[in-house]
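K.L.:
Okay, here's what each chain looks like letter by letter:
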Amino acid sequence: MALSFDELDFGPPDYREMLPPVLERNYGKWKYHEEIEPGVYKHVSETGEEVYTVRAGQPKFIASETVLKLCDLADKYANGYLRFTSRHSIEFILDNKDNIEPLKKDLAEMGLPVGGTGRTVRSIVACTGWVHCHTPATDSPGLQKALMDELYDYFVSEKLPTRLTIAVSGCLNMCGAVHCSDIAILGVHRRPPKVIDEVVSKACEIPSMIAACPTYAIKPKMIKKEDGTTIRSISIDGEKCMYCGICYGLCPGTPLADPKNDGVSIWVGGKISNTRGGPAFSRLAVPFIPNNPPRWPEVVETVKKIIDAWASDAKPDERMGEWIERIGWAEFFERTGLEFTHKHIDDYIFNIRDMNAGARVRGKELKKFS
Amino acid sequence: MASETPLLDELEKGPWPSLVSEIKKTGYTGLLKLYELNYQDKMTHWTHGGMVGVPGYDAGVIGRVSDRRDILADAHTIRFIQPAGWFYSTKKLRKLVELWNKYGSGLMNFHGATGDLQVVGIPTENIEPFFDEAAKEHWDIGGSAGDFRTASNCIGPARCEMACIDTNDIYHTLMTDPDILNDMHRPRFPYKFKVKISGCPTDCVAGVPRADFVIMGTWRDDIKIDQEEVRNYAKSGKVDVDYIVQNCPTKAMSWDGNELKINNDECVRCMYCLQKMPKALSPGDDRGATILVGGRARGRYGAFLAWTLIPFMKLEPPYTELKELMYKLLDWWDENGRAKERIGETIYRIGAGKFLHEVGLDPLPTMVKAPRNNPFWFYFPGEVQVDEE
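Chains A and B supply the protein sequences, listed in that same order. For the first sequence, the working numbering puts the final residue at 379, and the numbers step up evenly by one. For the second sequence, the working numbering puts the final residue at 611, and the numbers step up evenly by one.
In short, the hints are calculated from the structure, not lab data. Note that this is a predicted model, so its numbers are computed, not measured. Glycine included, each C-beta is placed from N, C-alpha and C at the ideal position. A few of these clues could be false.
[Said to hold, decoys possible] Some chain A residues flagged as far from chain B (calculated, every beta-carbon gap over 12 angstroms):
| # | residue |
| --- | --- |
| 1 | D107 |
| 2 | I245 |
| 3 | A339 |
| 4 | G372 |
[As the list claims (entries may be wrong)] Pairs of lysine-lysine, DSSO-like flavour, derived with a Cα cap of 27 angstroms:
| # | chain 1 | residue 1 | chain 2 | residue 2 |
| --- | --- | --- | --- | --- |
| 5 | B | K460 | A | K38 |
| 6 | B | K235 | A | K113 |
| 7 | B | K247 | A | K228 |
| 8 | B | K264 | A | K203 |
| 9 | A | K38 | B | K247 |
| 10 | A | K85 | B | K324 |
| 11 | B | K457 | A | K324 |
| 12 | B | K264 | A | K249 |
| 13 | A | K85 | B | K247 |
| 14 | A | K106 | B | K246 |
| 15 | A | K113 | B | K446 |
| 16 | A | K78 | B | K247 |
| 17 | A | K249 | A | K230 |
| 18 | A | K106 | B | K255 |
| 19 | A | K40 | B | K498 |
| 20 | A | K249 | A | K269 |
| 21 | A | K168 | B | K498 |
| 22 | B | K317 | A | K113 |
| 23 | B | K501 | A | K38 |
| 24 | B | K414 | A | K249 |
| 25 | B | K255 | A | K269 |
| 26 | A | K40 | B | K324 |
| 27 | A | K51 | B | K545 |
| 28 | B | K460 | A | K113 |
| 29 | B | K317 | A | K352 |
| 30 | A | K38 | B | K317 |
| 31 | A | K168 | B | K235 |
| 32 | B | K591 | A | K78 |
| 33 | A | K113 | B | K313 |
| 34 | A | K40 | B | K457 |
| 35 | B | K317 | A | K313 |
| 36 | A | K313 | B | K235 |
| 37 | B | K358 | A | K78 |
| 38 | B | K313 | A | K106 |
| 39 | B | K414 | A | K114 |
Please build the complete structure, drawing on both the sequences and the hints.
P.N.:
Take a look at the structure:
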């Protein structure tokens, strides 16, 4: 039975019915907060009330069984409420300090790590990848798991100069919003789409595909079949295509997946918040690493190398991008041992603003590059 | 017996919770087999899912079909509009889980990149009965395609002392607005339109990189300082006040070991000092929002960061002025945007000057880092004298 028109368009459940009572009582009255230990915050209200938030990491997808277990914990310790953060961590908000330790114990039994506050690596934001999507060049949830296993200690204890945000996107659609992260892993295709004429002719709006292509690589094409009939399809100029996949988003007849050439790129130094220098894009560090499932050891090793170089030298509160700006990009490539290639210079929309205008070169670089 | 998923089993090792173990718990065995095959072949076997949905809505259900129908046929994704601030009562959540176990795979995603609660893996014939029952529990479907996407907001005044606007109330007001719900459930725009609401310029919901329209809390008057607490921070050794003063981006602070001074006229509301000393510093009382426009990932011209459109706007329920501004921009974009073009790109292609002129907003120096550096501009009709023919 379909719903009638006036039963539709009602919007989300009312948050006022979803707030823990202690937050409802102190709504808009919060005075300050402090971190008690990694993963545990204390917030104090003008009314004198205190709440304790316990934050735990989770995998990209969870089973309904696990959701029910989280509900059990919320019922037991947090008055029947829980929430999630914008980086997909789970938060239990406790009005009783004595519940912190037993909750942590129960979370540990479920295998959920408590952490991700203060000077830690945050939960990795990942898109759905090979688990449930048709466009990715790599598996973001698998990379998230492989990386977080390696960085686990940085999540549960505060050993970094400041927060470190990592995001993984399986393709250039960037659903994982990687472009402003301290470290970003972005799945890349490296070959133009294969054109399946029969599918394009039956299932696709050709003018929309032509209009959507950012590099004008798509042209219409007529094909005469053996029986004398003609079908309409497209051709793709391999010299112009830069493998973004927007045409595949519109048309199932132009798939890009290519096990021989797909892999990941690594980006560094992005930032979202307005603090100090403000928001910044992530910049290319490594143009390509082949997919090596199930655990992508080369990607994990490279990320680890970048983190080590930053963590061993950054000043307090200095984010990845701020550190690189201070030491210089030449020094970044020197210290990480990563190679600077043609791909690092923007030649897509040639970005003259990224070039080093004037002749301001550091002394050590004058010596090195002569 | 040898495992059927030797590659995925490797992702059950290590300390971080494993999504493979979660998939195994659900009994969604088709996915497990397909996912293993993806690992074997180093590529996805998912393909376009075609048009699926519920009667009355043209968005929010994402078609998912594999090219190995012998393993897994149709297993679609549904986006539900999340409650403000991602707050849940266990009562509400348990009921949804019960329905999802009845009709779907049992696998859930808290949350999708845009913010929705996503459930993945439902056969075509189950979509309608599932939604019928979910709707009775007040779970409505979110956005997809060229429409008003599900917005998202930070925790705001529910548990943050920095919140300058009521992010939860603004989100809920927008997400229950009949015009917005109509534009969410029946796509008519050139492309997606994302809204994000952050309570302060820390931007915990990442509006600047991702959203077309960002509502960001801020304040006009002075940062409130509790000098005693500044001294306590300094004494505690946990905070180096000199270092914070040194790192202030506009050098608007001074500290003599006893008194902290802030030149509020020069402060850019970057939040650094407030984050470091929340007990001593808090936003002023004259609060409102900065409105930004035009953020997006990737795209024809590369990624864009959202920029300041309106430096300060007072926000009071029912937020009529905010909605009017949003729809002024939406209508302009709907009129001028090309297919798959986000509003930031339309503004870029047509020109920010023309955009401002046509939506009736005054140009402000706060919109730019610096004025233009070339003499190539256009004139609006009536700006120059034209001889009568």
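K.L.:
All hints are to be evaluated individually against the structure, with a verdict given for each.
P.N.:
Evaluation of the provided hints:
no., hint, verdict
1, D107, "holds, 20 angstroms"
2, I245, "holds, 16 angstroms"
3, A339, "holds, 24 angstroms"
4, G372, "holds, 25 angstroms"
5, K460(B) - K38(A), "holds, 25 angstroms"
6, K235(B) - K113(A), "holds, 21 angstroms"
7, K247(B) - K228(A), "violated, 48 angstroms"
8, K264(B) - K203(A), "holds, 17 angstroms"
9, K38(A) - K247(B), "violated, 42 angstroms"
10, K85(A) - K324(B), "holds, 26 angstroms"
11, K457(B) - K324(A), "holds, 21 angstroms"
12, K264(B) - K249(A), "holds, 26 angstroms"
13, K85(A) - K247(B), "holds, 23 angstroms"
14, K106(A) - K246(B), "violated, 35 angstroms"
15, K113(A) - K446(B), "violated, 36 angstroms"
16, K78(A) - K247(B), "holds, 13 angstroms"
17, K249(A) - K230(A), "holds, 17 angstroms"
18, K106(A) - K255(B), "violated, 44 angstroms"
19, K40(A) - K498(B), "holds, 14 angstroms"
20, K249(A) - K269(A), "holds, 21 angstroms"
21, K168(A) - K498(B), "holds, 18 angstroms"
22, K317(B) - K113(A), "holds, 26 angstroms"
23, K501(B) - K38(A), "holds, 13 angstroms"
24, K414(B) - K249(A), "holds, 26 angstroms"
25, K255(B) - K269(A), "holds, 22 angstroms"
26, K40(A) - K324(B), "violated, 45 angstroms"
27, K51(A) - K545(B), "violated, 35 angstroms"
28, K460(B) - K113(A), "holds, 26 angstroms"
29, K317(B) - K352(A), "violated, 51 angstroms"
30, K38(A) - K317(B), "violated, 32 angstroms"
31, K168(A) - K235(B), "holds, 24 angstroms"
32, K591(B) - K78(A), "violated, 50 angstroms"
33, K113(A) - K313(B), "holds, 22 angstroms"
34, K40(A) - K457(B), "holds, 20 angstroms"
35, K317(B) - K313(A), "violated, 42 angstroms"
36, K313(A) - K235(B), "holds, 19 angstroms"
37, K358(B) - K78(A), "holds, 24 angstroms"
38, K313(B) - K106(A), "holds, 24 angstroms"
39, K414(B) - K114(A), "violated, 43 angstroms"
When each numbered hint is compared with the structure, violations occur for hints 7, 9, 14, 15, 18, 26, 27, 29, 30, 32, 35, 39.
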